[in-house]
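Colleague: Listed here are the chains, written in short residue letters.
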Amino acid sequence: MPVITLTSVKKSYFIKNIEYPILKGINLTVNKGEFVALMGPSGSGKSTLLNIIGGLDKSTEGKYIINEKLVSNLSSDELADIRNIYIGFIFQNFNLIPTLSTLDNVALPSFYSGDVNYKKAEELLSMVGLSDRLSNKPNELSGGQRQRVAIARSLINDPEFILADEPTGNLDSKTGEEIMKLIVSLKKDYGKTILMVTHDPHLAKLTDRIIYLKDGYITKKKNV
Amino acid sequence: MTKYSFYIKLFRLSWQSLRSNVFRSFLTTLGIIIGAATIIIVVALGEGAKRDIEAQYSNMSVTTILINGPSTEGSQSKLSVDDIPAIQAISTVSDAVPMLTGKVNISTANNTASFNVVGTYPNFSDVANLTYERGGFFDQTDEDDHTKVVILGATVAEEIYGTRNPDVLGQSIVLGKKEFEIVGIAKYKGGAFGPISIDESVFTPYSSSYRYILGKNGKFSFNVNAQSVDLLEETMSSLTKVLREEHKIAANTPEDFKLKDMGATVASAQGSSQTMAILLGAVGFIVLLVGGIGIMNIMYVTVSERTKEIGIRKAIGAKDNHVLTQFLFEAFILTGVGYLIGTISSIGIYFILLSLGVKIVFVWWSLVLSFIITFTVGMFFGYYPAKKAAALDPIDALRYE
Numbered sequence: 142m143p144v145i146t147l148t149s150v151k152k153s154y155f156i157k158n159i160e161y162p163i164l165k166g167i168n169l170t171v172n173k174g175e176f177v178a179l180m181g182p183s184g185s186g187k188s189t190l191l192n193i194i195g196g197l198d199k200s201t202e203g204k205y206i207i208n209e210k211l212v213s214n215l216s217s218d219e220l221a222d223i224r225n226i227y228i229g230f231i232f233q234n235f236n237l238i239p240t241l242s243t244l245d246n247v248a249l250p251s252f253y254s255g256d257v258n259y260k261k262a263e264e265l266l267s268m269v270g271l272s273d274r275l276s277n278k279p280n281e282l283s284g285g286q287r288q289r290v291a292i293a294r295s296l297i298n299d300p301e302f303i304l305a306d307e308p309t310g311n312l313d314s315k316t317g318e319e320i321m322k323l324i325v326s327l328k329k330d331y332g333k334t335i336l337m338v339t340h341d342p343h344l345a346k347l348t349d350r351i352i353y354l355k356d357g358y359i360t361k362k363k364n365v
Numbered sequence: 029m030t031k032y033s034f035y036i037k038l039f040r041l042s043w044q045s046l047r048s049n050v051f052r053s054f055l056t057t058l059g060i061i062i063g064a065a066t067i068i069i070v071v072a073l074g075e076g077a078k079r080d081i082e083a084q085y086s087n088m089s090v091t092t093i094l095i096n097g098p099s100t101e102g103s104q105s106k107l108s109v110d111d112i113p114a115i116q117a118i119s120t121v122s123d124a125v126p127m128l129t130g131k132v133n134i135s136t137a138n139n140t141a142s143f144n145v146v147g148t149y150p151n152f153s154d155v156a157n158l159t160y161e162r163g164g165f166f167d168q169t170d171e172d173d174h175t176k177v178v179i180l181g182a183t184v185a186e187e188i189y190g191t192r193n194p195d196v197l198g199q200s201i202v203l204g205k206k207e208f209e210i211v212g213i214a215k216y217k218g219g220a221f222g223p224i225s226i227d228e229s230v231f232t233p234y235s236s237s238y239r240y241i242l243g244k245n246g247k248f249s250f251n252v253n254a255q256s257v258d259l260l261e262e263t264m265s266s267l268t269k270v271l272r273e274e275h276k277i278a279a280n281t282p283e284d285f286k287l288k289d290m291g292a293t294v295a296s297a298q299g300s301s302q303t304m305a306i307l308l309g310a311v312g313f314i315v316l317l318v319g320g321i322g323i324m325n326i327m328y329v330t331v332s333e334r335t336k337e338i339g340i341r342k343a344i345g346a347k348d349n350h351v352l353t354q355f356l357f358e359a360f361i362l363t364g365v366g367y368l369i370g371t372i373s374s375i376g377i378y379f380i381l382l383s384l385g386v387k388i389v390f391v392w393w394s395l396v397l398s399f400i401i402t403f404t405v406g407m408f409f410g411y412y413p414a415k416k417a418a419a420l421d422p423i424d425a426l427r428y429e
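Just so you know, the protein sequences line up as chains A and B, in that order. Here my numbering is used: the first residue of the first sequence is 142, the next is one more, and so on. Here my numbering is used: the first residue of the second sequence is 29, the next is one more, and so on.
Possibly wrong hints are sitting among the right ones.
Label-pair distances were calculated between CB atoms; the ranges are [as the list claims (entries may be wrong)]:
1. Phe379/B - Asp256/A: 50 to 58 Å
2. Val50/B - Asp313/A: 29 to 37 Å
3. Trp43/B - Lys165/A: 46 to 54 Å
4. Ser149/A - Asn325/B: 43 to 51 Å
5. Lys204/A - Asn349/B: 42 to 50 Å
Derived contacts from chain A toward chain B, CB cut-off under 10 Å, selection only [unchecked claim]:
6. Ser188
7. Asn192
8. Ser217
9. Ser242
10. Ser295
Calculated directly from the structure, the hints in this document are not laboratory data. For glycine and all other residues, C-beta sits at the position ideal for the given N, C-alpha and C.
Sequences are here, hints too, so could you generate the full structure?
Modeller: Here it is in structure tokens:
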């Protein structure tokens with residue numbers, strides 16, 4: 142069953158009425174429980190595609206469906222709901238809020254969905270091995286610990302899929318491996334659907350499928 | 029979860045964010061603190077000035093006209109009790125009280141003090157509305173016979189005998205060099221009557237004060253009342269005409285007397301105190317305005333500094349409205365805390381001013397006034413940065429470092 146379906150998705154930027162096409166027609170399907178890697182050189186349109194899939198940006202043309210819900214053409218408030226409920230974000234630079242405690246950071250998305258769930262936030266933190274760090278601020282944690290907090294946060298609203306943007310890019314290789322183990326276990330042990338952007342072919346090999354993006358097109362799909 | 033507890037949570041988040049930089053939050057709210065305190069103190073000062081003026085003129089009637097000799101030295105005024113029949117002949121005059129006043133040393137066996145002595149006619153008691161602890165005023169016989177009798181004002185009695193109600197009727201007291209018999213102690217009155225303070229004066233028949241105490245050294249004046257306020261101007265011009273005739277002043281020669289309309293004097297004193305209050309109020313408002321701009325500045329800085337944070341919040345699902353509400357809550361908390369600290373400081377300042385003898389009266393509605401103005405200003409200036417924060421694009425905001 143497809144969780145993400147993109148059909149002929151195009152994206153152009155217009156500067157002084159001149160069109161700069163970035164995505165030139167993307168067709169992509171990610172099924173439930175799949176772990177997919179997205180690779181491509183810089184300038185390939187990877188970030189733009191990620192923003193569209195993440196509900197942060199809108200496509201110029203084409204259809205984007207999450208779990209039978211048409212996402213293209215939603216208003217910005219409706220997109221906020223999509224990001225909040227359907228998508229769990231894991232960023233390269235963690236993106237935790239420095240003034241909030243670990244527990245507050247994890248609970249924050251549930252807060253915007255109107256269903257504050259501190260109990261679940263605690264459970265998720267203990268799942269990522271940080272049950273003794275609930276009241277610490279992000280700057281009191283190591284990089285690996287911060288990414289664990291971010292992973293816990295991405296799961297709080299039980300999203301349709303997890304969007305991981307180079308999740309180990311800011312970590313040393315040993316910590317990166319641990320984080321990758323955790324992300325792989327999200328798929329293996331919890332059946333989560335994951336779309337991960339990465340530069341690292343070794344990490345890509347841990348996924349079910351690799352998609353290559355070049356010059357605004359998907360050029361290759363490879364089953365690992 | 030209810031909407032209600034959602035806002036409580038949002039409020040808590042705002043509070044945490046402010047607490048994470050206490051010193052800057054304090055600086056932000058300093059303008060509000062000073063503004064709120066200024067408004068409360070200004071209103072209290074204005075009220076104090078108003079009460080003071082009211083007390084000073086409390087015995088004055090708006091129908092009163094004071095007649096003095098000219099203040100210029102050397103010019104001898106012919107103003108005297110001899111003018112009374114002519115003044116009373118004016119149909120619009122209801123009463124005329126002569127007063128001869130001057131400083132006198134008052135002494136008993138044990139005590140000496142210096143106060144005003146007022147030589148006047150028996151009708152003074154009614155016109156000034158005097159009441160008595162003991163005894164009463166003198167009568168026409170005393171005036172005709174220039175009897176040496178005296179009525180003491182409340183402050184005089186207190187100063188000399190240690191109480192406002194001393195049991196001294198019939199006892200004698202020395203005014204200047206002559207012994208007078210005490211026949212009355214007036215009740216405390218407060219305020220002034222024409223040129224004198226009733227409580228700080230002693231009263232004797234006019235004839236006795238002239239003959240035994242003051243002579244030509246006394247200052248002579250009349251306290252004349254018109255029959256109604258409408259007749260005031262007419263009465264004043266009649267008085268001028270009659271007195272010119274009485275004193276045989278040739279045309280084109282300046283008068284040897286001055287008329288003063290008390291109603292106008294009171295009104296102008298009240299007017300100037302009100303002007304003062306409005307002026308001070310404007311200062312308070314400007315301080316608040318500057319305070320508000322301070323809030324806006326710092327909040328703009330805050331929004332720029334927290335662009336990344338806003339981006340994160342939006343990326344994980346915060347709507348524009350959530351961000352707007354959070355920043356408005358922060359403005360609200362800053363304003364509220366500023367108002368509270370300002371109010372508490374103003375109470376401190378109030379007591380300091382009070383102990384320094386400044387005439388200041390606290391009025392409860394100044395709290396409401398300062399509350400309304402403070403919050404209007406705080407929220408008005410807090411709104412624009414909040415709006416800016418809410419309108420940030422999440423992609424740009426996330427990329428911001």
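Colleague: Need the list of violated hint numbers for this structure, in ascending order.
Modeller: 5
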